[in-house]
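Visitor: Chain by chain, the residues run as shown.
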Amino acid sequence: MSEEKDNQSSFPHLSRRGFFKGSAALLGGALISQIPFETNAYARYGADDTLKVALIGCGGRGTGAAIQALSTQGKVKLVAMADAFRDRLDESATAIGTKFPDKNRFDVPEKNKFVGFDAYKKAIQLADVVILATPPGFRPIHFEEAVNAGKHIFAEKPMATDAPGVRRVLAAAEVAKKKNLKVVVGLQRRYQNAYLETLKRVNDGSIGDIVSAQAYWHNAGVWVRPRKPGQTEMEYQMRNWYYFNWLCGDHILEQHIHNIDVINWAKNAYPVSAQGMGGRQVRNGKDHGEIYDHHYVEFTYADGTIFNSQCRHQPGTMNRVEEVLVGTKGRVTLSGDGKGIVTDLKGNSIYNHRSKNDPDPYQTEHDRLFAAIRNNTPVNDAEYGAKSTMTAILGRNATYSGQVIKWDDALNTQLSIMPEKFAWDAPTPTKPDANGFYPIPTPGVTRVI
Amino acid sequence: MNLNKIIVSGALLSLFTAGFINKPQPNHSSASAPLQEEKFDAYKEVIPGTKVSFELVPIKGGEFMMGSPATEAKRKSDEGPQHKVKIEPFWMGKYEVTWDEFEIFVYKEIEKQSMNASSMAATGPSDAVSRPSPPYLDMTFGMGKSSFPAINMTQFGALTYCKWLTAKTGHFYRLPTEAEWEYACRAGATTAYSFGDDPAKLDEYGWNYNNSNAGTKKVGSKKPNAWGLYDMHGNVAEWTLDQYDPNFYAQFAKNTATNPWLKPTKLYAHTLRGGSWDDDPDALRSAARQFSKPVWKQRDPQIPKSQWWFTDAPFIGFRVVRPLKQPSAEEIAKYWSEPIKDYGS
Chain A
1 MSEEKDNQSS FPHLSRRGFF KGSAALLGGA LISQIPFETN AYARYGADDT
51 LKVALIGCGG RGTGAAIQAL STQGKVKLVA MADAFRDRLD ESATAIGTKF
101 PDKNRFDVPE KNKFVGFDAY KKAIQLADVV ILATPPGFRP IHFEEAVNAG
151 KHIFAEKPMA TDAPGVRRVL AAAEVAKKKN LKVVVGLQRR YQNAYLETLK
201 RVNDGSIGDI VSAQAYWHNA GVWVRPRKPG QTEMEYQMRN WYYFNWLCGD
251 HILEQHIHNI DVINWAKNAY PVSAQGMGGR QVRNGKDHGE IYDHHYVEFT
301 YADGTIFNSQ CRHQPGTMNR VEEVLVGTKG RVTLSGDGKG IVTDLKGNSI
351 YNHRSKNDPD PYQTEHDRLF AAIRNNTPVN DAEYGAKSTM TAILGRNATY
401 SGQVIKWDDA LNTQLSIMPE KFAWDAPTPT KPDANGFYPI PTPGVTRVI
Chain B
1 MNLNKIIVSG ALLSLFTAGF INKPQPNHSS ASAPLQEEKF DAYKEVIPGT
51 KVSFELVPIK GGEFMMGSPA TEAKRKSDEG PQHKVKIEPF WMGKYEVTWD
101 EFEIFVYKEI EKQSMNASSM AATGPSDAVS RPSPPYLDMT FGMGKSSFPA
151 INMTQFGALT YCKWLTAKTG HFYRLPTEAE WEYACRAGAT TAYSFGDDPA
201 KLDEYGWNYN NSNAGTKKVG SKKPNAWGLY DMHGNVAEWT LDQYDPNFYA
251 QFAKNTATNP WLKPTKLYAH TLRGGSWDDD PDALRSAARQ FSKPVWKQRD
301 PQIPKSQWWF TDAPFIGFRV VRPLKQPSAE EIAKYWSEPI KDYGS
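Note that the protein sequences, when read in sequence, are chains A and B.
Numbered per UniProt numbering, the first sequence spans residues 1 to 449.
Numbered per UniProt numbering, the second sequence spans residues 1 to 345.
Keep in mind that the hints are not guaranteed to be accurate.
[Claimed, not checked] With a Cα cut of at most 30 angstroms, we get these calculated DSS-like pairs of lysine-lysine:
no.	chain 1	residue 1	chain 2	residue 2
1	B	K293	A	K99
2	B	K145	A	K356
3	B	K263	A	K339
4	A	K286	B	K51
5	B	K341	A	K228
6	B	K74	B	K86
7	A	K77	B	K293
8	A	K99	B	K51
9	A	K356	B	K218
10	B	K86	A	K99
11	B	K266	A	K103
[To be verified] Estimated spans, in silico, between C-beta atoms of each pair:
no.	chain 1	residue 1	chain 2	residue 2	range
12	B	K60	A	G436	51 to 59 angstroms
13	B	V295	A	M318	23 to 31 angstroms
14	A	M318	B	G188	40 to 48 angstroms
15	A	Q281	B	L324	40 to 48 angstroms
16	B	P339	A	K329	47 to 55 angstroms
17	B	K86	A	P109	54 to 62 angstroms
18	A	K329	B	D280	31 to 39 angstroms
19	A	W424	B	K325	54 to 62 angstroms
20	A	N357	B	K60	42 to 50 angstroms
Calculated from the structure, these hints are not laboratory results.
Idealized CB from N, CA, C, for every residue including glycine.
Bound conformation, chain A alone:
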């Protein structure tokens, strides 16, 4: 109990300007009491109750998230695992078992290991809390299933890869609220002291009103998993998922969402339109599917604020992963490595965050989720998670099409990029040509809404 109070005291609360309103994690208790919640959908957990966890998606991130969940205070046990691939599930079980040899924390018998496209359904049933960490294309399906089953959720970002998926998550998020389910989304900057402490200064009015913003994710890109003999096209795409939009959503979504979400958070709003440009010049081989290696997007908010977003996956170029806010009285620079700098317009320091002894934000996410479940305090990040997902999709739509795209049009489109059927021999939404190359989105040609 005292732990929860300590946790909360390190977070800025609702402010006079309603700055943190977009952060469901920080809503006061008043709102919850107005929701007619279905008591039967919500089980109360005391300090001595064991919270049973299922891991859906057993890659490196899912395995890391499971270990963080099992590292929270109180009794917690991993009871089920699900993945499309047996080998990934086994690697994950080895890693978690090495960390937690004790069966009180890690006890997943063979019958609770589920493999394949439908594996998630069975695993979700066995748990109180589910960790959703598959490639993001599956998130809406898994999130909806978990909400319908009345489970508390840790969901990795992003929440979808297309607008129909975002709408599905938003609808399920409403249901989750009514059922009083706790949802944390893996946008860990929202749980990182450097951001919370620095944005508190913004909220205090230290830089005036935000009139402009920039965000960057420039680095060399990520892993590639080349095609192997005997793989169906579906298996190849599932293994090399980063490079296929229905699974990954392009790096503007999969990685740059972190930076985009920070600007939305600071603005307490979402853009109304976007235009931009992008392409692939360096990362353009057969193993690189269909995604771009650079995007530059100009997002416009309703109050006229322009947010310039840049992301690039090109080795040997300038590296930068940061967010910048420009206000009428000062500037802010933030980064995930713990930077939080506030200056006035002449560069005089107002605040400089020292992050050396800050807690691990990935662990804090789980500490907050499990404390909220045990203490029945509110946390539901699903709405901002879905809307920042939509913001990145809006940016992708702008770079792929070369058009000005409006938020409402982008959100309401019926255009889905997902497969119609999930099976190893099912057709994939994009297919290679005779030389093994995939169609690349082309500005002026590609339709996005």
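Please arrange chain B on chain A, whose structure you already have, making use of the hints.
Guide: Here is chain B on its own, set in the frame of chain A:
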């Protein structure tokens, strides 16, 4: 101009990978590279096929007192007992390894782009040595790349760079042992720093927390030590080849240790030397030892955690050494390490 050298290196690579090489190579045509043991001079090594090079300084063999006396200010117990150490001659990187060099190793694309087709063919595929997984984050932490020290790599990553460099050049490069590092840092001095005992003078020689404005600096922008090595004190803390053991020196208290080296068998802790931009002056002393910690991978969200990168250690880097006497391929192989899976400690 470098064609001969490239061809020689290419031939050496195949010997090297086949396990036959056992002697330094005679008759390099390049004027920049020393080829005979008797010719023990400073030289510049061009990474074959690229325009990137790095400089090496000869460090003559000799004996020194390793560790610090109990009277030294801010001294820690793991720096003792002081003991005599005998060191074989080697070349040492004049500067810390920069991103210019390290990125060629990290990114195959950059290596490909920097080499033309004939030099690629001559030096063979770099796939002979495994490369780091691309980091998810910006590993420069926005602190600069060109001429700035490479940072955030694990000891395994730094040593594998040496293995890659050895395969490419035919010269045996590795990390310095702790003893070699301290010998080279002292450059004959017995004081707390190579320039004396007064930390106030450190500003002329080393980037530390008081003068760095919280970041790495271009290598070689302070004064060198007496043997011509830059940034031995500060800028980035440097990997050594050793496992960290606070009691390692005790066994040598009454003997002379010859080329001492505690080969790592465990993931933690490994020893770093020299202190960094993020340290107070006392951590930059010649005898001061630092060691790796699991918290340096705190923000690596994947399990297993990366074997190649720390997510929270922008203050660590390394420099290479090359023993004057190149050992046999079998002996060389003993220096390389296998990755140890990191399930988060």
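Visitor: Which of the numbered hints above does this structure break?
Guide: 3, 8 and 10
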